[in-house]
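**Student:** Given the coordinates of chain A, assemble chain B onto it according to the supplied hints.
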Amino acid sequence: MDDFLWRALLAGLGVALISGPLGCFIVWRRMAYFGDTLAHSALLGIALGFLLNLKGSIFSNLTLNTLLTLTTLGVCIAIALLLVILQSQKRLATDTLLGILAHSGLSLGLVALAFLQGEGLRIDLYAYLFGDLLAVTLIDLYWIYGGGALVLLCLVWIWQSLLSITVHEELAAVEGVPVKWVRLLFMLMVAIVIAVAMKIVGILLITSMLIIPAAAARSFARTPEQMAIFASLIGGMAVVLGLYMSWEWDTPSGPSVVVAATSLFIVTFLFPFSALFKLYE
Amino acid sequence: MNSDTVLIQVRNVSVLFQQHIALDNVSLDVQRGEIITLIGPNGAGKSTLVRVVLGLLKPKTGSVFRQAGIRIGYMPQRLSIDPVLPLTVERFLSLGSRKKKSVLETALEEVGAIRLFKRPLQGISGGEMQRVLLARALLREPDLLVLDEPIQGVDIIGQYELYELIAQIRTQRNCGILMVSHDLHLVMSATDQVVCLNQHLCCSGHPETVTKHPAYLALFGERAARDLAIYTHHHHQGNRKNG
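Going down the list, the sequences are from chains A and B.
Quick note, the first sequence lines up with residues 1 to 281 if you use the working numbering.
Quick note, the second sequence lines up with residues 1 to 243 if you use the working numbering.
Simulated from the structure, these hints should not be mistaken for laboratory data.
Accuracy of the hints is not assured; some may be wrong.
[To be verified] Sample of chain B residues with no beta-carbon within 12 Å of chain A, all distances over it, derived: (1) ASP24; (2) PRO76; (3) ALA137; (4) VAL146.
[Unchecked claim] PhoX-like mimics (lysine-lysine), calculated; alpha carbons at most 25 Å apart, straight line: (5) B:LYS101 <-> A:LYS90; (6) A:LYS180 <-> B:LYS58; (7) B:LYS101 <-> A:LYS180; (8) B:LYS101 <-> B:LYS118.
C-beta: ideal position from N, C-alpha, C; glycine also.
Next comes chain A alone, as it looks inside the complex (with noise of 0.2 Å):
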């Protein structure tokens, strides 16, 4: 095998690892959008990475797939931070203000992309909107190890607090547990996730990466660890299928993940495999 394929799987199963748990609690606390919305608003941080890399001598000494992810780590954490800001005045419900971040996000990057092609940068916008695994570097797979590791660590961390902010977060802020910290530290994480995991299935498709998994570990989770755990294996399977097809058949790799998490996910929805635990007990 190829050592790009071997890159690929490698940064794939890492995102399918860190995606499983985090994209149970985005289904768990309805917050697709929120995901879709930094997603989306990444672009602009890619934009920002170009720029950077053309003006700032500073920057020079970073590589330019280093300073992508850092500015759409830091473009993602200010869109959630600015949410939280946005959300605590009141004024607009929530999936307004997401709305507006997401698609503004998007197009200011689009069109901050033009200007800078136009400026006769060459930029392969494709693989940004909806990712491409075979162009993953060794960095890449640094990024989403390192940074994987990190988030992975925090979940634990917080686990407990986090789940029981999802039930209920009066009983929870009565309990002792520090909702607004929590509830933050959640938001950074999928930020830092997005960030890393952009490159494999692009920022218009990272979302389903988060979901589908989580949705089709449903039916065969009794608690909220296993479900975790079960969106892991099945997100690491549709890797490793989508990434055959791309190979055998040509098709965009990340477009063919997330075809491959969906199959798995109708599988699941059809054969209730939760009938099967139930012989058990």
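**Tutor:** For chain B alone, kept in the frame of chain A given last:
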């Protein structure tokens, strides 16, 4: 008043939501071993007062004193779990306080719902859910129990049982209990003190005295007070104008 037994002291508290007054100069004491019931029409600020007591809401004016190191067990009004979150009663109970399995089981036994232990939370009835919520509050080993409409969605026999259970918990654990209720009839027999709220504090005292109080009669209506109607909702509507 013995200062050791005072769990919560709310003094002249006012709460504003935008321009709307939710609570107007309300004071309330909760003592150890005492059951206090908040009654009042919809929108009277009962839940707002509960949130002030719990520390979830900072009042605009007034003060709230909590006994140092007080542990509060809270039973929220409603809990609806999304079907996409797989959660058994056991796991739900363990969310509030990390305890051994046997401790969780004992708490569930105390509220008479031990057979639910392994069941998914989505599959239990409204009345069963109230018992599970009560068990989670008890697991905190509370000095004060705050129950927001504990008998909501419970059938009439279950309501009697639940009030009996609450009275029993008070004597066994010697904790203070503050509860909100819509229901006049059942509450009167299960409480030491009734606080009648309608933004401001209308009247308070022993159930029998309160039911004869003019402010209470004005709020709930002569007829409602006379037969201690179980369903007070439609009476509120008519009486809020002069209430």
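**Student:** Against each hint, give a clear statement of whether it holds in the structure.
**Tutor:** Okay, the hints, checked on the actual structure:
Look at ASP24 of chain B: its CB is around 23 Å from the nearest CB on chain A, clear of 12 Å, so calling it non-interface holds up. Distance to chain A contradicts PRO76 of chain B as a non-interface residue, since its nearest Cβ pair spans about 5 Å, not more than 12 Å. The claim that ALA137 of chain B lies off the interface is violated: its Cβ sits roughly 9 Å from the closest Cβ of chain A, which falls inside the 12 Å cut-off. The Cβ of VAL146 of chain B does not lie farther than 12 Å from every Cβ of chain A; its closest approach is about 8 Å, which violates its non-interface assignment.
Note on LYS101 of chain B and LYS90 of chain A: the hinted pairing is violated, with a Cα-Cα distance of about 42 Å set against a maximum of 25 Å. Of the supplied pair hints, the one linking LYS180 of chain A and LYS58 of chain B holds, its CA atoms being roughly 16 Å apart against a limit of 25 Å. With a C-alpha separation of about 30 Å, the suggested pair LYS101 of chain B and LYS180 of chain A falls outside the 25 Å cut-off, and the hint is violated. About 11 Å separates the Cα atoms of LYS101 of chain B and LYS118 of chain B, which keeps this hinted pair within 25 Å; it holds.
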